[in-house]
Every structure is written in C-alpha cells, then in structure tokens.
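**Student:** One letter stands for each residue in the lines below.
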Amino acid sequence: MQRLRLVVQKVVQTVSDAGFIIGSYLITLGAIGAFAIRTIRLGRKLANEVPDEEKPWL
Amino acid sequence: MTTITPQTIQAPRHRGTGTRATRVVGIATIIMIGWLAVFGLVISPADRDQGDSVRIMYVHVPSVWLAYLAFIVTAVCSAIHLIGKRHSLGVDRVAGASAEIGVVFMAVTLVTGMLWGRITWGVYWQWDARLTTTALLFVSYIGYLAVRGLEGTREQRARRSAVIGLLVVLEIPLVHWSVRLWRSLHQEATVLGTDLDVSLDGLMLFSLFVGVVAFTLLFIWLVLHRSRTLTMIDLSGDRDLDAALASRRAEGGADRV
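Each protein sequence line maps, in turn, to chains B and C. Just so we're aligned: the first sequence equals residues 1 to 58 in the numbering used here. Just so we're aligned: the second sequence equals residues 1 to 257 in the numbering used here.
Please keep in mind that the hints were generated in silico from the structure rather than gathered at the bench. A hint or two may mislead.
With a straight-line Cα cutoff of 35 Å, these simulated DSBU-like cross-link-like pairs (lysine-lysine) come out [said to hold, decoys possible]: (1) B:K55 / C:K85; (2) B:K55 / B:K45; (3) C:K85 / B:K45.
Interface residues of chain B toward chain C, partial, derived using beta-carbon atoms under 8 Å [what the hints assert, rightly or not]: (4) D17; (5) G23; (6) Y25; (7) L26; (8) I27; (9) T39; (10) E54; (11) L58.
From a predicted model like this one, the values you see are computed outputs, not experimental measurements. All residues carry an ideal CB built from backbone N, CA and C; glycine is no exception.
Hey, can you work out the whole structure from these sequences and the hints?
**Tutor:** Rendered as structure tokens:
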C-alpha cells in the first residue's frame, strides 16, 4: 500500500512537472505567435490603404 | 484576344509587409523552433539537480536575452534618432517595433520563470532582487510604449520616446548584476558568467544555442514586419489627414460661393 502511494505520488509529480514544462513552451510559442499573427493581419489590412509606391521596402 | 468582362476586372492587390527576405527568415525560424522543441523536450538530458525542469531554461534564457537585445536595439535607434542630422522617423519606428517585441519576450520570460520557480522553489513568485528588477524593467518598457501612444506630432513622439528609451535601457545592467549585488534566490549566470566559464553539459549547451538562434531569427522577422506595419500606420494616418483637410477646404470654398 505504501509502495503504491509512492508510485502514485511520483506519477502525479512527473505529470505535474510535465504540465509546467510543456505549458511553458506553449505559452512562449502562443504569445509570440499571437503577436506575429496580429502584426501580419494588421499589415495586410493596411496594405490596401497605402499604395505600393509609398512602401520603401518594395 | 482576351475579352474584358466585369468578372475579370479586380481591384489591384497591394503588397503587405512581406518580402523575399522575410519569407526566407520566416522559414528558417520555423525550422529552428521545431529543432528547439525536439532538443529541448526530447533529446536534451534531465539535469542532475533540477531534473526535467531544466527544459524550461531553453525557452526562458533565450527569451530574456532577446528581450535585452530588443531593448538595446531600441536604445541604439533612439540615440541615432537624437544624434543624427536627419532625425529619421524610420529609425524611430524600428525603436518602437523593437520595444514592443522586447515587451512580449520579457512577458514570456516572467511567465516561464514563474513556472520554473513553482517546480524548483515551490512558489510562483518571490520578491527577490532578480525577479523584482526584471518586473521593474518590464513595467518601464510598458511605460515607454504608453509614451509612444501620447498625443502630439510624430517628431514629438520620436523625441520623447528616444529620451525614455535611452534612460530605461540603463536598468538592464541592474537586472543582470542583481544576483551579485543582493542576496538572491535566483541562480547566477551559468553561461557567460564573470569568469566566462561555461558549466553546462554539451547537449544542454547545444539546446540553449538552438533556442538563441531560433529566437534571434524570430526577432529579426518580427522587427522587419512590425516596423513596416508602423510605417503603414503613419502613412495611412497622413492620407486620412490629407483627405480631411481637402474636405474642409472644399466645404470652405462652397461656403464662400
């Protein structure tokens, strides 16, 4: 019984840590990805309001 | 001979912020982020003391380095704007874009650091010197972005924010050295410490290197797109203003008649 409890504790701890670890990657990529998508969408929207000849990068 | 019908006539499609260079950098970034996930989560070994929580370091450390880099780019562009003869607004937009990206990276640093702290220290947050100075740096750049949004001409915006950009960057050495200046829970630099000795396993160091390269490419890609978007916001504002002035002049002319 004691051994089973230790195994369960170990599994819970491992899964919990895995949640934090995978969560940190998801938060990182999610936050930066959301910022990137917002920037691209705004850029595409504004692209129709500004003629190409006024865009110095083209 | 092609017959022109209403279906074949389309409004001209204007090009956005993307170019061939941004596409190349974007593809390289996606590949490197894939490598980072594989190395960070699968291939890299667990640490003897920290266990698997060390895997968080492969996103936490590159994100803070890139936040520092972004804020330094903001400061350099601010200095160029103030010192340069042309007082270029293009340089000011790069400063603003870089600060926005730095704030995103800094927010990621704080959140991933909290998750690592929960596993390692048992708490999400401590009012420790490193954590507190990092939070202060984050809030300072939120303030910088708030100043950029204030009323005024673009020249006023650029001048005000350039001065603030040069002042707040001075917090970075304070954050970096806080673990030495005060007693801190946070560990000292494992890579690039004062003795320049790297105390990391080869595969761990390589995973960290992959993270730094991936985030650096991501930063370059984001700065290019964001600064071009800021340029279009300004150009679009000019066009709206010109249209409003023309409309008022037309109204004035009609009143006189």
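**Student:** So, for every hint listed, does it hold in this structure?
**Tutor:** Results of checking the hints against the structure:
Our distance criterion of 35 Å between C-alpha atoms is met by B:K55 and C:K85, whose separation comes to about 23 Å. Only pairs whose Cα atoms come within 35 Å are accepted, and B:K55 paired with B:K45 is accepted, the gap being roughly 14 Å. Between C:K85 and B:K45 the CA atoms are separated by roughly 33 Å; this keeps the pair inside 35 Å, and the hint holds. Restraint check, B:D17 versus chain C: the minimum CB separation of about 6 Å is within 8 Å; hint holds.
With 8 Å as the threshold, the beta carbon of B:G23 comes within range of chain C, its nearest partner Cβ sitting at about 6 Å, so the hint holds. Satisfaction of the interface hint for B:Y25 is found here, the shortest Cβ-Cβ separation to chain C being roughly 6 Å, below the 8 Å cut-off. Look at B:L26: its Cβ only gets to about 10 Å from chain C, farther than 8 Å, so that hint breaks. Of the supplied interface hints, the one on B:I27 holds, with its beta-carbon coming within about 5 Å of a beta-carbon of chain C, less than 8 Å.
Interface restraint check for B:T39: the shortest CB-CB distance to chain C comes to about 5 Å, inside 8 Å, so the restraint holds. For B:E54, the interface hint holds, the least distance from its beta-carbon to any beta-carbon of chain C being 6 Å, beneath 8 Å. Given the 8 Å rule on beta carbons, the hint for B:L58 holds: about 6 Å separates it from the nearest Cβ of chain C.
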